[in-house]
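Peer 1: Let chain A serve as the given structure and place chains B and C on it in line with the hints.
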Amino acid sequence: MKVVLQNLTKIFPSRNKKANEEVVAVNDFTFEIPDGKLIGLLGPSGCGKSTTLYMISGLQKPSGGRIFFGDDDVTELSAENRGVGLVFQNYALYPHMTVKQNILFPLQNLKGEDKLEKDVMLDRAYQAAKLVQIDELMERKPSELSGGQQQRVAIARALVKMPKVLLLDEPLSNLDARLRLQTREEIRRIQKETGITTIFVTHDQEEAMSISDMIVVMKLGVVQQIGAPQDVYDDPTNLFVAKFLGTPPINVFEGEVKAGKLYLDDVAVLDVPGVEDQPVYAGIRPEGFIPDAFGPMICNLSGVDVMGRDVSLVTTHPASLNPVVRSIVDADAAKNATGLTVSYSLKPHKVFLFNKETEARVYFEVK
Amino acid sequence: MVESKHKWKAWLYLAPAIALLLVFTVWPIFNTLRMAFWEDYSIMKDLGGRLDFKFGIKNFVKVINYQGFKDCLVNTLLLTVLTVPISTLLALLIAVCLNAIKPLQRLLQTIFFLPYVTNSIAIGMVFEAMFNIVGYKTPEESIGIINTVLGVFGVDPINWINAGSSYWANIAVLVIYIVWNALPFKILILLGGLQSINKQYYDAAKIDSTPRVRVFTKITVPLLSPMLAYVVITGFIGGFKEYSSIVGIFGDDMQAVGGESLNTMVGYIYDALGNQEGRASAAALILFAIIFVVTMINLYVSKKKTHY
Amino acid sequence: MTNQATLTEKNIQKVSSHQKVVKIIVQALLYAFLGIMALIIVFPFYWMIISSLKSTPEYRLAVPTLFPKEIMWGNYAEAFTAANLGRLFLNTVIVGVVSTVLSLVITVLSAFAFARLEFKGKNTLFAALLATMMIPGELFTITNYVTVTKFGWIDRYVVLIVPFLVSVFYIYLLRQNFMQIPNELYLAAKVDGTTDLKYLWKVMIPLSLPTLISITILKMMGAWNSYVWPRLVTTKDNMRLITNGLRDAFTDMSGQANIPVQMAAVTVVSIPLFLVFIFLRKYIMKGVSRSGIKG
Numbered sequence: 001m002k003v004v005l006q007n008l009t010k011i012f013p014s015r016n017k018k019a020n021e022e023v024v025a026v027n028d029f030t031f032e033i034p035d036g037k038l039i040g041l042l043g044p045s046g047c048g049k050s051t052t053l054y055m056i057s058g059l060q061k062p063s064g065g066r067i068f069f070g071d072d073d074v075t076e077l078s079a080e081n082r083g084v085g086l087v088f089q090n091y092a093l094y095p096h097m098t099v100k101q102n103i104l105f106p107l108q109n110l111k112g113e114d115k116l117e118k119d120v121m122l123d124r125a126y127q128a129a130k131l132v133q134i135d136e137l138m139e140r141k142p143s144e145l146s147g148g149q150q151q152r153v154a155i156a157r158a159l160v161k162m163p164k165v166l167l168l169d170e171p172l173s174n175l176d177a178r179l180r181l182q183t184r185e186e187i188r189r190i191q192k193e194t195g196i197t198t199i200f201v202t203h204d205q206e207e208a209m210s211i212s213d214m215i216v217v218m219k220l221g222v223v224q225q226i227g228a229p230q231d232v233y234d235d236p237t238n239l240f241v242a243k244f245l246g247t248p249p250i251n252v253f254e255g256e257v258k259a260g261k262l263y264l265d266d267v268a269v270l271d272v273p274g275v276e277d278q279p280v281y282a283g284i285r286p287e288g289f290i291p292d293a294f295g296p297m298i299c300n301l302s303g304v305d306v307m308g309r310d311v312s313l314v315t316t317h318p319a320s321l322n323p324v325v326r327s328i329v330d331a332d333a334a335k336n337a338t339g340l341t342v343s344y345s346l347k348p349h350k351v352f353l354f355n356k357e358t359e360a361r362v363y364f365e366v367k
Numbered sequence: 001m002v003e004s005k006h007k008w009k010a011w012l013y014l015a016p017a018i019a020l021l022l023v024f025t026v027w028p029i030f031n032t033l034r035m036a037f038w039e040d041y042s043i044m045k046d047l048g049g050r051l052d053f054k055f056g057i058k059n060f061v062k063v064i065n066y067q068g069f070k071d072c073l074v075n076t077l078l079l080t081v082l083t084v085p086i087s088t089l090l091a092l093l094i095a096v097c098l099n100a101i102k103p104l105q106r107l108l109q110t111i112f113f114l115p116y117v118t119n120s121i122a123i124g125m126v127f128e129a130m131f132n133i134v135g136y137k138t139p140e141e142s143i144g145i146i147n148t149v150l151g152v153f154g155v156d157p158i159n160w161i162n163a164g165s166s167y168w169a170n171i172a173v174l175v176i177y178i179v180w181n182a183l184p185f186k187i188l189i190l191l192g193g194l195q196s197i198n199k200q201y202y203d204a205a206k207i208d209s210t211p212r213v214r215v216f217t218k219i220t221v222p223l224l225s226p227m228l229a230y231v232v233i234t235g236f237i238g239g240f241k242e243y244s245s246i247v248g249i250f251g252d253d254m255q256a257v258g259g260e261s262l263n264t265m266v267g268y269i270y271d272a273l274g275n276q277e278g279r280a281s282a283a284a285l286i287l288f289a290i291i292f293v294v295t296m297i298n299l300y301v302s303k304k305k306t307h308y
Numbered sequence: 001m002t003n004q005a006t007l008t009e010k011n012i013q014k015v016s017s018h019q020k021v022v023k024i025i026v027q028a029l030l031y032a033f034l035g036i037m038a039l040i041i042v043f044p045f046y047w048m049i050i051s052s053l054k055s056t057p058e059y060r061l062a063v064p065t066l067f068p069k070e071i072m073w074g075n076y077a078e079a080f081t082a083a084n085l086g087r088l089f090l091n092t093v094i095v096g097v098v099s100t101v102l103s104l105v106i107t108v109l110s111a112f113a114f115a116r117l118e119f120k121g122k123n124t125l126f127a128a129l130l131a132t133m134m135i136p137g138e139l140f141t142i143t144n145y146v147t148v149t150k151f152g153w154i155d156r157y158v159v160l161i162v163p164f165l166v167s168v169f170y171i172y173l174l175r176q177n178f179m180q181i182p183n184e185l186y187l188a189a190k191v192d193g194t195t196d197l198k199y200l201w202k203v204m205i206p207l208s209l210p211t212l213i214s215i216t217i218l219k220m221m222g223a224w225n226s227y228v229w230p231r232l233v234t235t236k237d238n239m240r241l242i243t244n245g246l247r248d249a250f251t252d253m254s255g256q257a258n259i260p261v262q263m264a265a266v267t268v269v270s271i272p273l274f275l276v277f278i279f280l281r282k283y284i285m286k287g288v289s290r291s292g293i294k295g
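Residue numbers (my numbering), protein chains in the order written: chain A, 1 to 367; chain B, 1 to 308; chain C, 1 to 295.
Bound conformation, chain A alone (with noise of 0.2 Å):
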């Protein structure tokens, strides 16, 4: 079932009545997420995109806007009504009902021609329970689980009654780093096995890239980019996306564009063709710096991390606005990295230019 967010808005009046602030969670938020797919809600805190889920879920009323599921417009219609499954980010397990009648829960909900036979329903939860493989915990409490555990019980309890969509919110926040890489794996697997429609809430961009089909960024209730993770790595659309995407994450600049080349600290480093003279902030991914010893950008050396195969070199740059440059390198590249600077010349693709005042991409022609 594919999901429509049609100008999506929501507004939260503020709790200071006398200063009467608004609280725009959400901004106009337009969005067709396709059928069977996986999309990631991605932006640091208080960037509305819980707001989103909850609105999408139905707890939430939105101010403005509409919600379709398919062609029908659901907008109007409570959580009871929607028929999506949402996992909670402390998974919100019953506590007095053991795993079996946790999962049992929703089916037993049903009414009227959807009601089921009690076998089936036992059949259904016993499904969806070996889908997330944790058929041997039926009988007990959520309190003796663990944590990764408890999770696959409340993926099980939101898959059990098959919903159009499924809702997961924060879903690994509360695992630790192992469990996180194994679940989000799992996540993706179930997924892929059910071709439902899922949407996840996150603030954590690698889990985002690693799983998702779509991302979708946002800040201060405004969707900033959406698009293939790839997609949004390799082109961002401001300087908020190339910031928040990559780990290490993008090294920013102060420069300027005059006469078709990029200058920073008065030097030009690479050739912008197409592009007006102005002030920029240019963003160079850590892996778009090639060691030359006759490259135009010279950086001060300050140390070296061993990563493995990679290499990261630590260094300053005077028209950093980061304290120290990363550049992430091949370890025979690196060990002629030993003097007091280091020289690299750019991989352009690598290089985006945004507006000093917009933050907005400018584009270049890269050959």
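Since the hints were derived computationally from the structure, they do not count as laboratory data.
There's no promise every hint is true.
Chain C is faced by these chain B residues, among others (derived, beta-carbon under 10 Å) [as the list claims (entries may be wrong)]: (1) Ala10; (2) Pro16; (3) Leu104; (4) Gln109; (5) Pro115; (6) Ile143; (7) Trp180; (8) Leu183; (9) Arg212; (10) Lys241; (11) Gly248; (12) Thr295.
Note that this is a predicted model, so its numbers are computed, not measured.
Each residue gets a CB set at the ideal place from its N, CA and C atoms; glycine is no exception.
Peer 2: Below, chains B and C without anything else, positioned relative to chain A:
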């Protein structure tokens, strides 16, 4: 050196409490037991220097065989069995409703707590006035505000508490008053419990299209069960010790004029003071035993039914 | 698939308008129910106050008036003399204040010893104290009645004050509160040469003030509402407390009693409680939710 000084000081701080507790708490435990088994003990004989009481269970036998005590026991049981479920269910209903509204919640919460900060004798007298028929025989005179209100709904005037009123009418008035009086504490505890239930369980239930009734029986009540158990147990204990509500409405005689006695076990104990301390002690021990057994049953049941 | 999968456009409109109607009806029912219950709860207070201001003939009208036609303040003057409220009020204040102050001192000292000092048998002693809380008060009352009779305390203030000075529950409550204060503060004070008493006075008491206020209010309310014990241990009417006077003065059940005066007396007794409640609601509700003990 410092250590020993410390120990000495600790006992100094505790001295007043311990002295008073020894006289008014510890000694009574032993003495009440002793008096209960001293046949026909009374303080008059004690003060007169007669301490040759026989040891035995005669006090208990007398108390149990005494019709007045049986009546008190029946009254107490009846009031407890009627008021605890009614007040608990009503309090649960009010607490759940209060928890489901937003505007006026605090105001209503305060109003529902009001009966707690009252003097049960004083407000008992107000209830007495409300049920009282001033001039039943003459149509110009009041039949009591309660009867007037019931009259609006077509109910004939009832003789609630006046001379010639029936036992069950008396009990009905008492049940109404005791429930009215018991609600605030129960609402306070239950509402506190409801507010501490994580709202996410309700969101999860909503997502799963859970009907209201099922949310109540499958989520609210189980998650509230520790509080419910607490309210029921304290309710039973309070019910068995019912006394001043009855004095409030029916006065020291604890009965309507010419009516059946509405005395309770605690009332029986107090009435026996002054001349029959032996029997009072025996009755108190019986009361203690009943409360103890009922509390244990309650705890056992609630352990099986509560979920934490 | 589930029922939602089969929704058609018409269906959705029906469901969404249905859910709106249900929501409004449910809210209306909630407020109606709560409103009626609140009315029932408040009505006795309302009736008490308006009745206390009516003349006897007006009170006895077959069709009751909801507000007195003529306000009879005189009922209050009459109530004071009829129930000897002045003297009993004085008694109650004396007993209430003295017993509250003494009780607070004893409670604070004991709670401090249990919370901060180390001595042999501390835990055993504390457990024994808690165990006494299970025994119903009536069991103590009998022997205490015998004891105070033997002491010759009948008809003296001391009999109304001393037997109830120590409350194990209050000691327990305050000890829990004291325990929450970090031990480092105590050790730091010791290093600085602060005496125990000074530490208690300067640090622990200010930090536990809310609990102490709760205890004070509940103790005062206890004195104000006590009925049974004063009735047992006093033979003279003018040594009793206010609740006794209230009940004893108006026991005429013949239907001819002057109810407005009676209601005036009841109002006089109830008003101070309301005032305390209005201004100190927070402390009362907090104390009560932890204790469940009335008075």
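Peer 1: Would you mind marking each hint as holding or not holding in the structure?
Peer 2: Outcome of the hint check:
Taken as an interface hint, B/Ala10 checks out: its beta carbon lies about 4 Å from the nearest beta carbon of chain C, inside 10 Å. At about 5 Å, the closest approach between the beta carbon of B/Pro16 and any beta carbon in chain C falls short of 10 Å, and the interface hint on this residue holds. The closest approach between the C-beta of B/Leu104 and any C-beta of chain C is roughly 8 Å, which is under the 10 Å cut-off, so the hint is satisfied. Annotation: interface hint on B/Gln109 holds; nearest CB of chain C at approximately 9 Å, less than 10 Å.
With a cut of 10 Å, the hint placing B/Pro115 at the interface with chain C holds, because the nearest CB-to-CB distance is about 6 Å. Checking B/Ile143 against chain C: minimum C-beta separation of about 7 Å stays under 10 Å; hint holds. Interface restraint check for B/Trp180: the shortest CB-CB distance to chain C comes to about 7 Å, inside 10 Å, so the restraint holds. Hint status for B/Leu183: holds, given a least beta-carbon distance of 7 Å to chain C, under 10 Å.
Below 10 Å, beta-carbon pairs count as interface contacts, and B/Arg212 has one with chain C at about 8 Å; its hint therefore holds. Taking 10 Å as the C-beta cut-off, the interface hint given for B/Lys241 holds, the closest approach to chain C being about 6 Å. Interface hint status for B/Gly248: upheld, as the beta-carbon distance to the closest one in chain C is roughly 7 Å, under 10 Å. Interface restraint check: B/Thr295 against chain C, minimum CB-CB distance 8 Å, threshold 10 Å, status holds.
Violated hints are absent here; each numbered hint is respected by the structure.
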